[in-house]
Structures are given as structure tokens and as C-alpha cells.
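Enquirer: Listed below are the residues making up each chain.
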Amino acid sequence: GQQVMQIPQYQHVQEGEDFTTYCNSSTTLSNIQWYKQRPGGHPVFLIQLVKSGEVKKQKRLTFQFGEAKKNSSLHITATQTTDVGTYFCAAFTGNQFYFGTGTSLTVIP
Amino acid sequence: EAQVTQNPRYLITVTGKKLTVTCSQNMNHEYMSWYRQDPGLGLRQIYYSMNVEVTDKGDVPEGYKVSRKEKRNFPLILESPSPNQTSLYFCASTGGRGGTQYFGPGTRLTVL
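Chains as they are written, first to last, in our numbering: chain R, 3 to 111; chain P, 11 to 122.
If you are wondering where the hints come from, they were derived from the structure by calculation, not from laboratory data. Glycine residues also receive a C-beta, built at the ideal position from the N, C-alpha and C atoms. Any given hint could turn out to be false.
Label-pair restraints from in silico Cβ distances [stated by the list, open to error]: (1) R:15 x P:26: 41 to 47 Å; (2) R:5 x P:115: 26 to 32 Å; (3) R:30 x P:36: 31 to 37 Å; (4) P:98 x R:10: 20 to 26 Å.
Derived list of chain R stretches under chain P, where covered just means 3 residues or more per stretch with a C-beta under 8 Å from a C-beta of chain P [stated by the list, open to error]: (5) 25 to 35; (6) 46 to 52; (7) 95 to 106.
Bound-form chain P, shown alone (with noise of 0.2 Å):
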């Protein structure tokens, strides 16, 4: 079966305790994206990559960072949380540049 997938499903944690969002897909697509959902402003991109080892900021990068050493997974990573980042998360990979995004199930992060 075709899909993403992202762990944790949740967190809540304390500012400043380096975390890591995983993200996996099996499609084989190269182009991967992390968003984040906040409540009247959608979907807004953080970081995206083309291919592995390609990676490229988004709108709204500060404070992430990510790595594409292979080409299943994408992994978000906060080096130093604040509440500010206090969101949903989502990974999507997608078939094709520019075509079908398929999204991973969602990460709820809670920064105390």
C-alpha cells in the first residue's frame, strides 16, 4: 500500500530538547515537503527537496532543518524548540514535479 509515514504521531515537549520528526514513504518519489498547519494559515512550507542529497527552504524554514541522505526518508528536525513552533506537521511526498501530493498522517508538537 502506498504511503507516508511520520512518528511521532504526538509530542509534547520543553523548549529548547533537540527533537526529530521522522518521515518515510515507499512511493519512491523524489520530491518530499514538511509543512506546518496553523489554525487561518493553511499549509505553509518549511523545507522541500527535489532529490536526495537536494534540499531548499520553503516559507517558513526558521528554526528547522532537514537532511535527505536517502530517498524514502525525510526527517524534520528542531535543533532548539520554542512554543512559537507549536503546531501540526505534516510530510508529503509526491509523484512527479508539481503533481500529487500524498501526506503523511500528521505530527502534533506541543512546546512548553
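Same shape as in the complex, but just chain R (with noise of 0.2 Å):
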């Protein structure tokens, strides 16, 4: 089946760095999404991505979409305690969801 690949797995970063997950897929996507789950929670969405190149912020978040759609990523920038937590990647195709691993972000106060 379809297969989404997301690194880093982990990443540790001091507070008011940034940080960036990326996800892959082999094939075309018709779109991608990101989630949030904070340490105990559920996934959260946080946004859909459509076409081809586009570009996303909300706040000190900026998500991008790749221009051939295989590729996407998360970037936070100034990262805060609050940030902590797994970012996942989704994406949907033939009717299901497919996941990326997740990246697990620390972030060291």
C-alpha cells in the first residue's frame, strides 16, 4: 500500500530554535495533512494542503507542499514549550488514511 515516510523520528531542540519535520511519499499525493498529539492526547489537525507548492502559515508555523505533491513539511520557528509533542503527516488515496511515523519534538527550556 501507500507508503508516507517522515523524519527525523525524534528531535530535541533548545527553546527559541527551530524545527522541521519532512514527509515523502513515493507517489503523487491529492493532499496532505498534519496532526498534533501532545504527550497523553489525541491527534489534533492542524491543516490540509492542496496544490502544488502551496505554502501555509498559521502563527510561527509554515507548512509547504512540494511542487511534483510527494513532499511536504512543518517548519516551526522560535520553538516553545508549548510546541512539544508528535507531528504526524497524513495522506489520503485510494479511499484511506496513511500516516507518517511522526517526529516527537522536546523542546529543552
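Given two chains presented individually in distinct reference frames, assemble the corresponding complex, making use of the accompanying hints.
Expert: Written as C-alpha cells, this is what we have:
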């Protein structure tokens, strides 16, 4: 089935540093979604990207969808302790959702 | 308030003892899913349902059953649980095909 690869698996940053997680697919995606899961919580939808080359911003978070619609990234500027959690990308294809393995972000105060 | 509820939140059981995890949504969504989450593997879709009486296998359906007799409910059934089904389970409801997924709070299942 569809595979969505996500790197890195873990990232530790000092508070105030930037953070980026990357999502890659071997096939063209119709869209890509991003979710955040706080420790002990459930995934919460952040955003959906649909268009080739699309860039969307939510405060300190910047989401990009690649020109070929095979990759995506989430960049957080100047991380805060509230950014702690696991970030997942997800693709919908063939009536199914496929999640990346997630990037666990630790922010050191 | 729009929400997805799951019960129970925690369950410890023994091998072979049938169990059901309930899931209910109040958003009138057609598409619902069950996922299991395991360390290093992310979320894997077990089963999904595109509408009432329509269910399909996801990536890891072995050992699980589902039913969708009414739009709001999508129970997950483990007829004969085994230790390799110890995991964190999430139900999700989706507004529109491929749209935003709303997740339940999760059910942590331990099979001894």
C-alpha cells in the first residue's frame, strides 16, 4: 500500500530554536494533512494542503507542499515549550488515510 | 460540542476474551476509521467505513471486526484478542472524503 515516510523520528531543540519535520511519498499525493499529538493526547488536525507548491502559515508554523506533490514539510520558528508533542503527516488516497511515523519534538527550556 | 467518544478508555484483558470498543460521533460524518498506534509505527488504519453498512479493510485488519449499523456508531470488535493487539486505539470521524479527521480520546488496551 501507500507509504509515507517521515523524518526525523525524534528531535530535541533548545527553546527558541527552529524545528522542521519532513514527509515524503513515492507517489503523487492529492493532498497532505498535518496533525499534532500532545503527550497522552489524541491527534489534532492542524492543516490540509492541496495545491502544488502551496505554502500556508499558522503563526510560527509554516507548512509546505512540494511542487511535485510528493513531499511536505512543517517548520516551526522559535520553538516554545507548548510545541512539545508528536507531529504527523497524513495522506488520503484510494479511500484510505496513510500516516507518517511521526516526529517527536522535545523542547528544552 | 462536536466530538468523538470512545469507551472504555483503558482496558486490561486476557487472551481470547472477546471485547468491544465503542465509538460514537455527533457530527453526522459519513467516513469513520479505527487506528492503532504503536511506538515507531505511527498510526495505522485498521478498518474504515464510508457510510452505513459499508466497511473496508485498512492496512492492519487481521484479528479485528467492525460494524456500521448506524451513522454515528462504529464499534471495534476483537473476537479473540491476543497479546500482539496490545496497543493504543483511536477512532476517527471525517467530514467529507479525505477531509479533516476528528479523533476520539483513545483506548489503551492491554492483552495478557
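Enquirer: Is the gap between the beta carbons of residue 30 of chain R and residue 36 of chain P within 31 to 37 Å?
Expert: holds (35 Å)
Enquirer: For the stretch 46 to 52 of chain R, do three or more residues have a beta carbon lying closer than 8 Å to a beta carbon of chain P?
Expert: With 3 residues close enough to chain P, the hint holds.
Enquirer: Can you tell me whether the CB distance of residue 5 of chain R to residue 115 of chain P sits inside 26 to 32 Å?
Expert: Holds - the Cβ-Cβ distance for residue 5 of chain R and residue 115 of chain P, about 28 Å, lies within 26 to 32 Å.
Enquirer: Given the hint of 41 to 47 Å, is the C-beta distance from residue 15 of chain R to residue 26 of chain P inside that range or not?
Expert: For residue 26 of chain P against residue 15 of chain R, whose Cβ atoms are near 46 Å apart, the range 41 to 47 Å holds.
Enquirer: Has the hinted range 20 to 26 Å been met by the Cβ atoms of residue 98 of chain P and residue 10 of chain R?
Expert: holds (22 Å)
Enquirer: Between the stretch 25 to 35 of chain R and chain P, are there enough contacts, at least three residues with CB-CB distance under 8 Å, for the coverage claim to hold?
Expert: Check passed, 3 qualifying residues.
Enquirer: Has the stretch 95 to 106 of chain R got at least three residues whose CB is nearer than 8 Å to a CB belonging to chain P?
Expert: holds (count 8)
No hint from the list above goes unmet by this structure.
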